[in-house]
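Asks: Protein chains in written order, with the numbering used here: chain A, 1 to 413; chain B, 1 to 358.
Be careful, since some hints might not be right.
What the hints assert, rightly or not - Simulated DEER-style distance windows between Cβ atoms: (1) Val31/B x Lys30/A: 47 to 53 Å; (2) Gly157/B x Gly396/A: 54 to 60 Å; (3) Ala234/A x Phe170/B: 28 to 34 Å; (4) Thr84/A x Ile281/B: 29 to 35 Å; (5) Leu110/B x Lys265/A: 53 to 59 Å; (6) Glu262/A x Ala199/B: 16 to 22 Å.
Honestly, the hints are just simulated from the structure, not real lab data. The beta carbon of each residue, even a glycine, is placed where N, CA and C say it ideally should be.
Each chain, written out:
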Amino acid sequence: MRRFSGIAIALALAAAACTGGGGTTPPPDKLGVVEIPPGEPLHIAFWGVLSGANASLGEDSKRGVEIAIDDKGGKLLGHTIELTSEDAQCTPEGGATAAQKLAADKTIVGLIGSSCSDETAGGMATLNAAGLVTISPSNTRPQFTQADRPAEFAGYLRTAHSDAVQGKVAAEFVYNQLKLTKAATIHDGSAYAEALANVFAESFKQLGGQIVAQEAVSKGQTDMKPVLTKIAAAGPEFIYYPIFVAEGGFITAQAKEVPGLENVKLMGADGMFSPDFVKAAGAAAEGMYLSSPDFTAFGGDYAGFLAKYKAKYGDPISIFHAHAYDATNILFAAIEKVAVKADDGTVYIGRQALRDALYQTKDFPGVTGTLTCSQYGDCSAPVIAVYQITAREVGGQWPPEKPIWRPEASPGS
Amino acid sequence: MYTSRIERTIDAAIAAFLWGFRIVVILVVVVGSLLTLQGGRYSGDTWLRLVIDGITLGSVYSLIALGYTMVYGILRMINFAHGDIFMAGAFGGYFVAAYFNRSGFLNAGLIPTFLSIGLMIVVAMIVSTVIAVLMERVAYRPLRNAPRLVPLITAIGASFFLEYSFRGFFGPGIYAYPSISILQEQILPGIIRFRLIDAVVIGAALLMMLGLYLFVTRTKVGTAMRAVSEDMATASLMGIDVDRIIVTTFAIGAAMAGAAGVLYGLMFTQVYFFTGFIPGIKAFTAAVLGGIGNIPGAMVGGLFLGLAESIGPILFLDGLNVPSPNQLKDVIAFTMLVLILIFRPSGILGERLAVKRA
C-alpha cells in the first residue's frame, strides 16, 4: 500500500512537471530554477543599510536600482519587475538577519547589495547556500574579490572598487602630494575600515612614510578625546580614519580640540562621502580630505543618469548610486541572457546559469566605466580620487564640485 | 552525601575563580599603570586633559543616572526608557539652538550665547518632563500593583516606542548642534587647557545636582519623596498623595535628563533617534556603581565611570602594549563595575534603601 501511494505521487509529480511549463521543460540547473508563471512579477531584492546614521549610503544605492528598473519601463521579459528591500543596518548581525529573510523567499532571482562590508560578512554564507547571487554596489573590503576568498563567495560580485586601490591612492596622495611622512590610522573594527586602514598603512610604509600610531574605536563611541590624546602623544602630521558617518563626525569635531592635533591634516574615505557626514562633523570638516570614487571620470552616460536621479530624488546623498545602477543593469542583462521562455509566457531562470552569466560579463557599457567581471567577482572600473571639503559643502551644498587630486595613471581608466 | 561533596567542590571552584579574577584584574591595573607611568610617553598635561574629559563626560552620566536612581528609590523599578527621555531633551535643545543659529543670536556674544544655552536647557527640560509624565501616566501607573517584572518590560516597550516615534517624526538622519565659537575658547590660558564648554558642562551639572540635593533634603515635597521611598503604605496613611509624589519624581528625573541632553549635544554635537541608548546604559551602570536608589551615589558613580572610560584604557593597558586600547574602554568600565560590586555589592556609597525594605 505504501509503495503504491509512493508511485502514485511520483506519477502525479511527473505529470505536473510536464504540464506546468506549457510544454517546455525547465532547463536543468544544479542550484535550482526559478519559475515565473505568466502574470507573476520577476522578483529582485536590494539589501543594505536603510536605517541609522549610514542610511544615506543604502538609500542612495537603492535609488540607483530603482532608476535602472524605470529605464526598463518596469518590465523584463514581459514580467513586471518587483523590488523588495531589506535593511541590513551596516552590521554583521543585520546582514545575517536580512540574508535569512531573503533566502527564505524562493521567488527572488537576484540581489543587489549589500552596502557595508560587514553586512556581506554576516549574510553571504546564507545567501550562497540558498543558491542566490548578489552584486554589491558599495562593499570595498579587498578580501571579498581576492583569489583566497572563502567558498561562500561563489555567489558574490561587486561593481564597487576594492580598497586595495583606494588605500593606495590615499597613501600616494599624502606622501607625494601633501609631502607628509608621519601618519596615524584609526578604524572602527568593521570589515571595511580595518582592511582599508591596513592597506593605507602598508602602502604608506612602502612609499617611505612612517606609521606612528594605529588605533581603533568602537561603533557607537562618542567620546574620541582619549584615543585622540593618545595619538597626539605619538606626534603624527596626518590621520587617516576610513570609518563611517557618526564616528567619523565625532573624530573630526573632537580632533580640533585635542592639544597637538590642531594642525594635523585629516582624511576619511568613501564611507563618509555623504552630506550627513558634513552635517555631523559641522564646521570642523572644512579643509579635510576624503578619498572616494571619481565621479568626474565615470565613463558612459553618467550625466544622463544623474539627470534622471536629480529629477526623481534631488541631489545624490552618497557616491554609490551609479555603481548600484550598473550592478542592476548587469543583473538584468544576465537574466535576459539565461532566461528560457515558454510559449505561454512562463520564464525559467537557472540559478547556476545566472551566476555563470554574471561572471562572464565582459566590456559592459556602464555609467561608472566599461565593466568586465574577474573570475573572483570584481566587476569594478575603479577610478579613485581625493576630494576636499570646503566652506561650500559645510554650508549645505553637496556633492563637492570636483576632486582636487587623482593619481596620474589612474588604474582602470 | 555524594551530591553535597560535588556541590562543595563546585562552590570552592567558583570561589577560587572569583578570587583569581580579583587578583588578575588588580594585577593588570597595578602593573599596567606602573608600566605606563614608567614609560613616560604621556606628559602631566596630557593626564590632566584626560581627567578633565572624564569629569565632563562623567557629569553628564551623573545627571542621567539621577533619574534612574530616584525612580528606583521610590518604585523599585528600572525605568529603561530614561535614556530616551534624555534623547528627547537633546532634540528639544537642538531645535532651539538651530532657531537661534539661523537668527544669528546664538553667536552674537557672550550674553546672547548664554541666554540661548539657558533657553535650550529650559526647553529641553520641559520636553523631557512632559514626555516622562505622560509615560508614567499611560505606561507605568496602570501597572503599579502588577508583579515587578511587568513594569520592567513595559519600560523596554516605552523605550522602543519613544525611539521609533522620534525616528518617525524626524527621520533616521543625524542632527548636528550648531557650533558655538565662544565655547571653544580657553578660559585658563597658559595654565591648563580648559575650554569654556568644559566649565559650562561641569558647572551646570554641579549646580543642578546641588539644587536637587537641597530640594530632596530641605523641602516639604523632598521630605515626602523620601517618606514614600521608605514606606509607600505608611506615607499614604500620613496623608501624602503618593501618586503626586511619584509623578514629581519622574518629572524631576526627566528634567535632569533633558538638561543632560543639551549638555551632551553641546559637547558631542550629534543627535539622532538612537542617541539615548548607550548613554542610558552607561548612566544606569553609574547608578548601580554608586549604589542604586542613592542620590549622591549616582553623582559619584557617574564621575567614576567617566574617569574610568577616559583614563582607564591608556593608564591600564598602554604599558602592557595592548594594541588600540581605546576600543576596550567599555570593557574597562564594566570590569571596574564588576570589581566594585565584588568588593562592595551594594555600590560605592551603598544602596541606601534596600536594607530598610528587607
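Asks: Compare the structure with the hints numbered earlier in the document and write down the numbers of the violated ones, lowest to highest.
Replies: 1, 2, 3 and 5
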